[in-house]
Structure formats: C-alpha cells, structure tokens
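Enquirer: One-letter residues, chain by chain:
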Amino acid sequence: MTQIPELVDYLKNYDGPAIRLMEVCGSHTHAIAKHGIRNLLSDKIELLSGPGCPVCVTPTSYIDRLIELSFQENTTVVTFGDLLRVPGAKESLNTAKGRGGSVEMVYSPMDVLKLAADNKYRIYVFAAVGFETTAPVYTLLLDQAILQGLDNIKLLTAIKTMPGAISYLCDNGAKISGFIAPGHVSAVTGSNYFNNLAAKYQIPFAVSGFGAKELIVAIYGLIQMVLAGDNSVKNFYTSVVEQENNPIIEGKLNKYFEKADVTWRGMGLIPESGLLLRQEYKQFDAGSRGLDVDNKMNNACRCGEILMAKVKPVECPLFGKICKPSSPQGACMVSEEGSCFNYYLSQN
Amino acid sequence: MEHGSGGRATGDLIREIFEAQFDNDILSEMEDAAVVPGDVQIAMTTDSFVVTPLQFPGGDIGRLCICGTVNDLCMRGAIPKYITCGFILEEGADIETLRQVVKSMADTAREAGVQIVAGDTKVVDGNGGIYINTSGVGFVPKNIDIKSKNAKPGDVIIVSGNIGDHHAAILSQRMSINNTIISDNAPLQQMVSSLISANIPVHVLRDVTRGGLATVLKELSVASQLCFNIYEEKIPVDLQVESFCGLLGLDPLYMGNEGKLVAIVPQEYASQALNIIKTSKYGDKANIIGEVCAPDNVSNAGALILNTEIGGQRYLDILQGEGLPRIC
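If you read the protein sequences in the order shown, they are chains W and H. Going letter by letter, the first sequence gives residues 1 to 348 in the working numbering. Going letter by letter, the second sequence gives residues 349 to 676 in the working numbering.
Hints are all accurate, no fakes.
Computed list of lysine-lysine pairs in DSS-like fashion (alpha-carbon distance at most 27 Å, straight line):
#1 H:Lys566 to W:Lys324
#2 H:Lys582 to W:Lys213
#3 W:Lys259 to W:Lys282
#4 H:Lys582 to H:Lys500
#5 W:Lys312 to W:Lys12
#6 H:Lys490 to H:Lys500
#7 W:Lys12 to W:Lys234
#8 W:Lys12 to H:Lys582
#9 W:Lys324 to H:Lys497
#10 W:Lys310 to W:Lys44
#11 H:Lys495 to H:Lys629
#12 W:Lys234 to W:Lys175
#13 W:Lys114 to W:Lys97
#14 W:Lys44 to W:Lys200
#15 H:Lys566 to W:Lys321
Calculated directly from the structure, the hints in this document are not laboratory data.
Put together the whole structure using the sequences plus the hints.
Expert: So this is what it looks like as structure tokens:
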C-alpha cells in the first residue's frame with residue numbers, strides 16, 4: 001500500500017505536463033494553507049482558489065443593506081464573526097457598529113432564537129450567508145422560529161450554490177485541469193451532484209476531506225485522473241460523503257428556498273446560482289432580493305479575477321501593500337477562507 | 349441600585365460578601381489606601397474581566413480574575429504579593445452568584461499566595477452583569493531579567509500543557525454543547541518560582557491567553573526578530589478540544605488558555621526545565637514544542653513557522669479578528 005510520504009514525494013518531484021487544480025471550497029483553501037500543502041508541490045502543479053469562500057463572493061450591496069438594517073429602529077443585525085470586517089461600498093459592519101449600528105456576533109444561527117425570545121419587540125435580522133452546507137441550518141432556524149412563534153426573526157440571505165459558479169468559470173475560459181470538489185457541500189448533496197459538470201466540461205472532480213493526509217490523497221488521485229483523461233467524479237472522502245444526496249436536507253431546502261439568479265462579488269449575476277426564500281415565507285425575508293450592486297471600496301481591488309483564478313493574489317496592485325489582513329480592501333483578504341488572506345499568510 | 353450609593357447599603361454589601369471572604373489585617377483596616385511592606389524591585393499589572401458566562405466548567409470569573417493577574421506578574425519572574433479588586437455590578441446581579449465568585453477569589457488568592465489588600469464596588473444600570481478589575485503587585489528577585497525580547501538562537505520553546513481548553517470550555521457553555529471540557533484557569537506562581545529557584549536562566553515567559561499559542565509566539569518572535577520553529581505533532585491538545593475545534597472550524601492554535609505558559613530557555617537547560625514544569629501543579633502535559641533559530645534570511649526575522657504533520661510549513665500570524673466558527 002502506498003504511504004503518505006511516498007505520495008508527498010511524488011507530488012514534490014512531479015515533472016509531467018503542467019497541471020492547474022482548483023479548490024472551490026473556502027475550507028479547502030484554508031486547510032491547504034493550514035497544512036502547508038502548497039509548498040510541498042512541484043512547480044508543475046498549481047493550486048488555485050476558486051469562489052468558495054462565502055463572504056468573499058457576497059456583493060457589496062448585501063453588506064450595505066445589513067448596515068442600513070443595523071441603523072433601522074428597533075432592529076439588530078446578527079451575524080457570524082467573519083462578516084463583520086468585510087468592506088461594503090463605504091464601510092464594514094464593524095465600522096457601522098462603532099458608529100452606533102446594532103450588530104451582534106454569534107457562533108450559531110440558533111443563538112438568534114434566544115435573542116428573539118428574550119426581546120419580542122425587537123427585530124433580529126440574521127445575515128444568512130453561505131453555500132449548500134450552511135443553508136440547511138437556516139431551515140432549522142426557520143423551523144424553530146415558526147414553532148416558537150418568533151415572528152421577529154428575519155433572514156437577509158446570500159446563499160450561493162456551487163454548480164452555477166463552476167459552470168460560469170468553465171464557460172469563461174478559466175484554464176483548469178481538475179476540480180477538488182468541496183467535501184462539506186458533497187456531504188449534503190452527494191458526490192453525484194458534480195456528475196453533469198464533469199461530463200459537460202470534460203473535467204475530473206475529486207471530492208476531498210480536510211485533513212492533511214486526505215488532501216494529499218485527493219490531490220494525488222486527481223492528478224492521476226487528469227493524466228489518464230478520466231473525466232469523472234471520484235470520491236476520496238468516503239467516510240463522510242455518499243454518492244446520493246441527503247433526502248431529508250433536500251426536502252427542507254425545497255420547502256423554504258427556491259433557486260434564483262444571484263450576484264457574486266466581482267463575477268456578476270450568475271443564473272440559478274443561489275437560493276432565495278420562497279414567496280410563502282417572505283415574511284422572514286429582510287429584503288434579500290435584488291441586492292445585485294457590487295461597488296468595491298477600492299477600485300483597484302482585483303477580487304473578481306482572483307476568485308476566477310485569472311490572476312493570483314500577488315498580481316493585485318493592492319496585495320500586501322495597502323491590502324493586508326489588518327486593513328482588508330476586499331473580502332478575499334478578510335476571511336480565513338479567502339485566497340488573498342491565505343496567500344498573505346503563506347508569504348509572511 | 350441602593351447598594352452602590354456609598355451609604356449604609358454599600359457598607360452592608362461590603363461587610364456581608366467581601367469582608368467575610370477577603371479578611372486580612374491590611375484590608376480590614378478599611379483605609380482609603382493599603383500600605384504594604386516591601387523594599388525590592390516591584391512588578392505591577394492590571395486586567396479587567398468581563399467573561400460570560402460568569403460560571404463555567406472548571407472555574408468562574410472570580411478564579412479567573414485572580415489567576416489572570418497572578419500569572420501576568422509571574423511572567424516577569426515576580427513573586428505575586430498583593431492584589432486589589434474593583435467590582436462593577438450591574439443592577440440585578442445575583443447575590444448568590446456574587447457570593448460564590450467572591451469565595452472563588454478568596455480561595456484562589458490563598459492558593460496563589462497573594463493578599464487582597466484593597467477593593468471597590470460600583471453598581472450601575474444594566475442586566476445583572478458582574479465585571480471585575482484586578483491589579484497586582486509582585487516582588488522581582490534580584491538578577492531576574494525575563495522579558496519577551498530575550499529569546500536567543502538555540503533556545504527551546506516549552507508549553508506547559510494542553511492548549512485551547514479555556515476557550516473551548518467557554519464556547520461549549522455559550523453554545524450549550526454538552527462535553528466534559530473544563531477550563532484550565534489556574535495560578536502558575538508555583539511553576540514559575542520552581543523554575544527560578546532551580547536557577548534555570550529563563551529567557552522568556554508568557555502566559556497563553558487570548559489569541560492563543562500562535563498569537564503569543566508570533567508576538568515573541570517579532571519582539572526578538574528571530575525565527576521560531578514549532579512542530580505540529582509536539583503541541584499538546586486534548587483530544588476532545590481537538591474534535592470540538594474540528595467540528596466548529598476553529599484552530600486550537602488560536603484558542604485562549606488561562607493557566608498555561610510558554611517558557612523559552614537555553615537548550616542546555618531544556619530537559620531540566622521541562623521536568624520542573626511537568627512536576628509542578630498544572631504542568632503535567634508540558635512539552636518542548638520547538639526551537640528559536642537565527643533567521644536565515646531577512647523575511648524570516650520575526651517569523652513563526654509551524655512544521656505540519658506531512659512535512660509542510662505554515663507561517664503563522666497573530667489572530668486576526670475574532671476566533672471564528674466555520675460557516676461553510
């Protein structure tokens with residue numbers, strides 16, 4: 001049986017045709033940096049970070065709307081921590097909070113239930129950002145809000161789905177040899193979720209976990225698929241991911257949400273690439289439709305091209321100069337899952 | 349609110365809750381300022397404690413506010429001596445909780461060998477919160493020079509036990525996640541005084557609090573402008589804390605402790621120092637996790653490099669923003 005050090009040796013010394021692999025999950029971007037994988041690979045293997053970090057792909061009008069809500073009478077915006085520092089068109093939620101906006105940070109969407117129950121006369125707007133992975137949690141929150149009669153809970157949604165974005169990349173000339181498919185998304189959707197994309201674009205997909213060894217195995221496996229011209233979907237995360245989707249989660253998602261055309265930061269409106277609350281549940285919506293304007297705080301920021309792997313973070317004129325984790329100009333430098341943030345860390 | 353008026357109700361509160369626990373000759377004089385003996389070099393520090401929940405597995409804000417200040421003093425090689433405390437109580441603070449918090453302070457102060465010599469209480473509007481500030485004075489023995497920029501190439505880096513426990517315990521409680529993780533909040537004066545009395549020439553001590561091990565080590569590497577190399581598999585992490593962090597997408601390297609220290613000592617004293625820490629109270633999981641190196645190029649001056657289990661290298665920075673849960 002091949003051992004991990006042998007696979008690492010192979011990847012270090014690989015001297016075949018140049019290969020460009022893209023991970024489309026922010027947690028992979030983070031894990032690759034965390035385990036120091038990039039500097040274990042030969043120069044012929046390039047790892048590119050795709051649009052898989054939820055806060056990185058959220059357009060500025062979404063942040064601006066949250067800020068507006070935070071100043072609305074009797075309203076509190078509730079959010080995960082990593083959205084706080086993401087710049088909108090003019091400022092971030094953190095800055096707004098400093099000016100008197102009502103913003104609370106929580107670790108779980110379910111924390112909103114307690115806030116809303118303790119103060120029924122205040123409206124709590126949860127910043128429901130995420131992908132296929134996080135969306136199921138929002139359905140649980142809605143279940144409980146309905147069960148407990150908490151009509152003072154609302155969601156401002158920015159929920160994205162992967163296939164639309166992957167198609168967009170492939171249709172727009174991103175030169176990618178293979179995709180490291182998102183392990184968490186696949187745990188919800190099943191690995192078959194990517195079959196149509198693999199067939200349509202003739203590109204292999206390898207579903208991977210997040211441990212150092214799991215990533216090494218998946219990257220090695222994906223390279224073998226690229227070299228063999230095997231344009232299928234292989235699951236290297238069998239401990240968690242099945243081929244078929246999870247029917248319970250799918251049912252819940254379909255109950256509350258419908259597919260919609262949504263805007264991605266730096267990439268624009270992508271057809272059927274997101275989820276919005278259905279008409280029947282619009283009383284829970286804090287105004288998520290039509291948040292399509294994307295005005296960057298700093299026009300020189302190349303977030304969009306970076307998310308599409310057309311340029312590397314170092315090619316952005318702001319990178320490492322005025323744009324640093326302590327003074328992010330774009331979302332990719334804010335999040336632990338952002339490509340600029342992780343590039344910055346691996347260089348400094 | 350009446351309890352904060354400065355009148356009779358204040359006196360009742362002080363007598364009933366504080367005096368009963370904090371009884372000592374200096375405090376019971378009830379003067380405006382404590383006069384304490386001492387003619388050596390002194391270390392001073394102050395810290396404010398605003399933790400929620402007030403009580404958590406393994407401790408409470410009372411134990412925490414003594415440990416925090418005691419440990420800050422210890423990290424300069426001082427022997428902690430005197431502590432003052434200021435309470436800010438929000439209206440509606442639970443008296444029974446306050447009583448328990450004050451008892452914890454007294455117990456922990458006894459354990460740490462410090463006297464609480466002055467105090468103050470204010471009551472403000474609010475929702476029953478309890479906030480405590482503690483200041484401390486310690487005596488620094490002669491010839492002790494422990495400070496963050498003192499690391500030297502060739503030194504070894506020791507951490508005194510499992511990292512992330514306090515942060516994980518607090519988060520678990522806040523998120524109502526059932527597990528048996530308990531906070532490590534503990535006073536470290538015995539560990540530090542054992543090192544000093546064994547004449548270990550300790551270069552640097554730092555307690556691993558907010559921001560976690562990575563933040564603390566990065567601050568130290570920057571202070572000395574040397575390159576710190578640490579090894580992932582040598583860093584002690586409790587299995588349960590590791591899985592808790594894994595589930596939430598948190599990194600134990602950035603999770604805070606309240607009873608762990610980093611010691612940087614010359615290589616030739618490494619095993620002796622490790623032994624002393626391991627046999628001290630609260631140090632049984634201590635380990636040597638890396639070494640201090642002369643930077644081999646300009647960009648490595650002040651670098652903190654984590655060597656990962658598969659032989660990769662990761663440059664660590666200080667914690668940016670909050671310790672975040674995974675959202676994808």
